[in-house]
Amino acid sequence: MLSVPAFAQVPVPAAKQSKPVLLTGATLHVGNGKVVENAAVGFDNGKITYAGPLSGANRNGHEVIDVAGQHIYPGLIQPNSQLGLNEIESVRATLDMREVGQFNPNVRAVVAYNTDSDIAPTIRANGVLMTQVTPVGGTISGSSSVVQLDAWNWEDAIVKADIGIHLSWPNMIINTGMAPNPRMASMGQNREQAIVELGQLLRDASVYKQAKNERENLKLSSLTGLFDGSKKLYLHANYGKEIIEGVNFVKQHGVKDIVVVGARDAVAVADFLKANNIAVIYSGVHALPSRSDEDVDMPYKTPFLLQQAGIPFALDYDLSTHGIRNLPFIAGTAVAHGLDKEQALAAITLNTAKILGVDQQVGSVEVGKDATIVVSAGDILDMRTNNVTHAFIQGRKIDLNDKQKYLYEKFNGKYRTEQPATAGPKAQK
Amino acid sequence: MRKILTIAACLALGAAGSAMAQETFPRNGVYDERTGLVALTNATIHTDYKTKIENATLLIRNGKVEAVGTKVQVPAGAIVVDAKGKHIYPGLVDMFTSYGLPEVQPARRNWTAPPQEESTKQGAYNWNQAIRPETNAVELFKVDKKQAEELRKLGFGTVLAVHRDGIARGTATLVTLADKRENEVILLDKAAAALSFEKGSSPQDYPNSLMGSIALLRQTYLDAQWNNMNPGREQNISLAAFTGANNYPQIFEANSKLNMLRADKVGDEFRKQYIIKGGGDEYQMIKEIKATNAPIIVPLNFPEAYNVEDPYDARRVPLDAMKHWEMAPSNPAALQKAGIPFAFTTADLKDKKDFLPNLRKAIEYGLSEEEALKALTATPAQLLKADKHVGSLDKGKLANFIITSGNLFAEDNVILENWVQGNQYKITEVPADYRGIYTLKIGQQPERKLQIAGTPEKPELKVIGQDTVTGKITVSGNLVTLSFNKDKKSKEAIRLSGWYADKNLQGEGQLPDATLVKWNAKFSEAMTEKAKKDAAKEKQAIELGNMIYPFQAFGQAELPKQETVLIKNATVWTNEKEGVLQNTDMVLKNGKIAKVGKNLTESGARVIDGTGKHVTAGIIDEHSHIALQGVNEGTQAVTAEVRMMDVLNHEDPNIYRQLAGGVTTSQLLHGSANPIGGQSALIKLRWGKSPDELFVENADGFIKFALGENVKHSNRAPAHNVRFPQTRMGVEQVYVDAFQRAKEYEQAWKNYNKMSKKQKAAAGEPRRDIELETLVEILNGKRHITCHSYVQSEINMMIKVADQMGFKVNTFTHILEGYKVADKMRDHGAGGSTFADWWAYKMEVKDAIPQNAGIMHHLGVTTAINSDDAEMARRLNQEAAKSVKYAGVSEEDALKMVTLNPAKLLHLDDRMGSIKVGKDADVVLWNNHPLSIYARAEKTFVDGIAYYDLERDTQMRTELEKERMRLVQKMLQAKTTGARTQGPPMRRASVVHCEDVEHHAEEDYMAY
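Residue numbers (the working numbering), protein chains in the order written: chain A, 1 to 429; chain B, 10001 to 11008.
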C-alpha cells in the first residue's frame, strides 16, 4: 500500500544521508558498459564507497537493503529539458522557458527552475533523477544547468550551474528555384541577419575579456567561457547542412567545445561530426522519419548508426515535458533497433554526463561519484519490466510517490468502498 | 483579274469580318461593312482532327467558312492568298481559361481576426459566400487584348472564360479571341456551369476544409432542389441560379487525381456527369479516373527538374516528386491509351509559352498527333456543345483557323497566322531561308566563301577566306545585316548591309578604315541535309521508371497478394478464452484465419517459422488522423454533415509506417474543434489500394463529438472568443439544441411521409438537411459517437444529455479523467479509449493519470489505448504495456486494449481483434514479446496479405535508393542539356496542404 498524505502531492525532499547504505544482490549496470552480476553498491555521505561483486562488499555499519534479483543503474539524466520551466504547456503563466529577444546569453534557466513541479516526481518514479534545465527561443536562448530532482529550491538542486550556452541555429529556408512567397523571403532575410548579428556578438565576446571595459556588458561577459573552453556551446540544429554550417561558423569564431543538439540528420553528416570531434544529443527516437523516402525506422535506429559511426552521443526525450519519464524507453527502442543494452544505458547516463561535463560527479555507479542511483525490479529500459523500487539522490533515499499515485489511490479507494462487488485493482506494489 | 497574295508576302488583310454583327449600334461616320471574302488556296487543310486534304482551298466570308476542299470555286471579288506548302488547322479551343475576367483574390484571414460566421454579401443571396452560382462570367467579361494575343500565339481561337471563384461559380462564357467588341466575340453567353471545392474569395469561415466544401456543395444541391420545388418558401437568388446553371455542361475544377474522384462522387449522388479539370497526375490512378466516365480537361504543366546537385538538398526531393517529373509528360498518352476523352488547357502553366513545346513532348511520350489535335478542337467543342461553331473547318462554322509552316506538332513548325472570326492575326513573320553557301565579294577584296547555317529564325554566319571567322547575321524581311572581323587576330569588324534578290545578296558596307564599299554574295549551293540535321536537337529514347502504387516512396509496381500462410510453432495470443498458446500453428487462407492448433499442415501454404516469435491480432487504433486531407471543419459548433470518408489520402506514408508497427485497422476521426464534428472513416491499412478499397466493409457509422477546451476555444487568440460555446455550460446547450432540432426534423419528415399525395403536394416536402439527418441517425442507433473528453464534469454532462435525448455515447475518447467517473461510464454502457500516460499538456489534463486505463478496465468499462498521433500509433502495443506497469492490468488484458477492445468499440469484434477461426486474417508476427519495448513487427497481414514484411522492406529500401539515384542522374543530365530546374520542395506536408487553412499549427493542435 502506498501511504500518501492527502495534502502532500509533491513529496518532501529526503534528508541528508545519515548512515552508510549497502544495496546487495542485484545486477549492477555501471553505466560505462560493464555489468556485474550479484553485485553490491555501498555509499556513505552521499558518495559511492563500493561498487562491485557482493563477495567483496563490507556490510559493517551499513544499512543493508536486499535487492536480490533486481537491477541497479546510475540515475538517468535527461539533457535538453524544460522540466520545472514548463508546467502546463497551454497556460502561459506556468511557462518560464522562453525569454523575449534574439540574443539572451546572459539568461540563466536554473533560477526559474521550479522544484515544486507536480511533474518532476512522476519523472523520478521511472528512474530519471537529473535533468539539464535548458532555455529555448531566440537565436541564443541562455545558459543551462544540471539539476537533480529532489530539492527544496533551485539552489539545492544544482549539480553544476551554467554549464553551457544554447544556440538555435537559424533554420535554412532553402528555396533557390521556386518563387518564394513573401513570408518565406522575409524568413530568409531574418536568417541572414541573425547570422550576421551572431557573428558580431561572438567576435566582440571573444575579445571582451582582454579589453579594458569601462562598463560591464552582460551579454558579452556571459559568453567569454565559450572561448576558453570553460563553457560548452550547445548548438541546436537538425538539418544536415545546418549542422555543418553552424559548427563551422562557431568554430571559426573561436568556440572551443561544441555539442550538437537535436541532430535529426546526424547520420548523414557523421563523417563531418567525427572529423570535428563533435558529440551529439540526439532528440526524438520516438519520431517519424523526417522525409517520406527515409527508412521507416530511421529515428529508431539512428542511435545504433551513431554508435557504429563512432560518434559520442546521448539521448533526450523531446516530445513533451511530462513524457520525460519515457527516457528509458527511447533507449529501449534503440536497443530493439540494433544498439547494445549497455550502450543504450550509457546514452542516458554516462555519455550524457560527459556531454554535460558532470561525469566526474555523476553518470555511473563508480566509487567516489554521487550516490545518485536507481534500483528497478526488472530491465529499466523496457516498460514491461521497468519498476523502480528505490532511488537515491546523493545518497538520500527519495520518496517515489507523486500526485498521480495519490489520485489513483483516492479514486481506487472510492470504488473499493462504494462498490465492493466490482472491487478495484490491487494497489501497485 | 484576281489579286494573288502569298503568305510570305505578309500582307495584312485587316478587319475582314465577324460572325456577330453589331446591328443595334449607331455609327459615328459612314457604315464600313466588308464581306471579308478570302480564299486560301493550295494549302494542306486539316478540316478536322482526322481529315487532311492536300492542295485544298478554304473560302471564308463574313467571318465564317463558306467552302473548303479541292473543288472550291473561288468567286469573283475574293482576295486569293496562295498558301502553297502551308498547313491550315481549325483554330484551337481552350475550355478552361480565365480570359477577360477579373482576377480572383483568395480570402486570407489573419488568425488574430475574429471568425466570420455569416455572409457579408448584401442582397437575397445564399447564406454562404462560397456559393455564388448567380455569377455569370458573361457579365464580367471584358476583351483583353494582351491576353488574347498571348493565346492566339499558341494557336487558340476560342476559349471558355471561367470565373474561378468559389464552390458554385455560376456560368462560364465561350468567346473568341478576336480583338473586337465584347458583343461580337461572345459565342455562347452561358456555355457551361462551373464548380470546385475551393471557396475562393469568400471571407466566410465555413468551410475551411475540403470535407466542408464537399458537404456544402452536397447541401446546396439539396437546398436548390427544395427551393425549386417549393416556390415562395424562401427567396434566394443563388439557389434559383444554381438550378438554372444545372442545365449547362458542368465543369468541375478538381486539379488533382483524388479531388477528381471526390468530385465524381458528388456528381453521382446528384446525377451529374461532370467534365473534370484535372491536375496532370491522372496517370497515377488511371483505372479509377477511367471509372468516373468523366471527360477531363488536362493541363500540360510538366514540372521542372529539381536541382539535385547538392546531395543534401537532393534528399529533400521526395521520390514521388522525382517520378512525377519523369512521368508527367506521359500523362496524355496514358489517357489516350485508357480511352478517356480529354481536352487540353493552357491553365496551370507558369509560362504559357511552354504550351506547344510541352504538347510536342507529350507526343514524344506516346500521344498520337490525331488525339492531340482532337483534344484541342473537336473534344472541347463537343463538350461545350459548341461544335456547330468551332472545332473543325466546315461550311457555316466560324472562320477560326491557323496557318502553319508545316505539321503543327513538328519541332520546327511555326504558326504563321491565326485567323479568328475571319480576322487575320499575324503570329510569326516568315523568315526567309537564306541558308546556303555564297561567294562573297567585297569591293576589290579577294573572294571569300560565306556560309549561312543555323535555322531560318536564327541564322549563323561564317566567313571562309584566308582566315575563317564567325560573324553576326540579322535578317528582317528581305533585308540583311552582316558583320564579322577582318581576320582572326583583329577586332575590327567589316559591316555590310544589303538585301535579298534572286537568291543572291547585295548591298553596301563599310570597312574598318571607314571606306564605303559595295558588296555582293552569289548563291552557290544549298545547305547540305546533314548540316540541317546537325542543327536539330538529337532525340533520345524515352525511358520511364515503373508506375508504383501508391505513387509514393515504398509504393510498389506489384502489390502483395493474398496467400495461404502456415505459421509454425509460434506463441499465439488469442485474446479468446484459450489465452496465450505456446508452440502453436495457424493457417491464414482466403483472407481469414482458417486454423489454429498444433502440428497443422496446409498444402500449398507458404510456411513461416514462428519459433521464438509471437503472433497477435492486428493492432486497431481507435483514434487516428492519418491518411486524411484535412482533419477539422471546426468553423461551426455542429458539423455533423462532414465526412472523413470524403477526404481519404491513400498515399500517406504513415499508412506504411504504421503497418510496420503492426497496425491493421484505424478509425480516422474528425478533429476536436467543435462539439459535434464530422463522421469517421474506418479503414484497413491496405497500402497501395485506392481510397475506396481501404474502407472496412459493412462497418457501422461513427461520428466525433468533442468537449472542453478545444471546443470552447480556450487556447485560441482572444479574437476567437465570440463563437458559441465559450464555456462547458454552453457546450451542453449546443447538444440539447442540436438533438432537439434533430427530433423535430425527424418528426417533420414522419408527418410528411404519412400524408396523402394531395396533402403532400399542398404542404411541400421538408428541406433535407444532411447535418440533421446525421443526428437523426445517432438518435436511431445507426451512428455511434466517439466523444473527445477530458474532465469529469463534462463526461457526466454528456452522459446526462444522452440519457435525456435518448441516445448512447459509444466511446469516450482521450477520457483522461475517466477514472473519476468510470462507474457512470460503465452504467451508461460507454467505452473508454485513452492515452497510456499523457498529461499536463493543457489545463484540462492536469489530473490525468497513467492508471486511468487500468481503473476503467477494472470497473468493467471496455477500454482501449489509442494514438491520436501518427508516430505513437507505431508503438501502441508498448503503450498498452504501460497499463501493466502503472495499474497492474494483466498482460493479456493489456494487449486487448489495442486489439480486441478497440474492435469492440468499433463494432468490429465479430471479425477482428482476436485470433479465432473465421475472423479476418489481420495478424502480426512479432520477433519478441508483443508488450516489450524490444518487439518489432516482422510481418503484418491484412486480409491474409502481408502488406508489411521486414524482409521485403529491406529490399525495397535498396530499390528505392537505386530508383532515386537513376532519377537524380537523369535530372542532372537534364540540367546540363539546358532544362530549367527548381529548388527542392519544403517538407512534403506543407507542399500538399499549404493552401488548406485547416492545416495551421493551431488547428493541428485541435486534434487532441
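The set of hints was computed from the structure by calculation and includes no laboratory data.
Check each hint, because a few of them may be wrong.
[As the list claims (entries may be wrong)] Partial list, derived from the structure: chain B residues whose beta carbon lies under 8 Å from chain A:
#1 K10071
#2 R10315
#3 L10319
#4 Q10552
#5 K10568
#6 Y10656
#7 N10715
#8 W10839
#9 E10871
#10 Q10878
#11 A10881
#12 I10933
All C-beta atoms in this analysis are idealised placements derived from N, C-alpha and C, irrespective of residue type, glycine included.
So, going through the hints one by one against the coordinates:
1. K10071: Where the cut-off is 8 Å and the nearest Cβ of chain A is about 55 Å from K10071/B, the hint is violated.
2. R10315: 7 Å, holds
3. L10319: Interface hint status for L10319/B: holds (5 Å vs cutoff 8 Å).
4. Q10552: 6 Å, holds
5. K10568: Violated, because the Cβ-Cβ distance from K10568/B to chain A comes to roughly 24 Å (cut-off 8 Å).
6. Y10656: 7 Å, holds
7. N10715: 5 Å, holds
8. W10839: W10839/B check passes; min Cβ-Cβ to chain A is 5 Å, inside 8 Å.
9. E10871: Constraint on E10871/B satisfied, holds at 5 Å.
10. Q10878: Holds. Min distance 6 Å.
11. A10881: The hint holds - A10881/B has a Cβ within 8 Å of chain A, the shortest such distance being about 5 Å.
12. I10933: 3 Å, holds
In summary, the numbered hints that this structure violates are 1 and 5.
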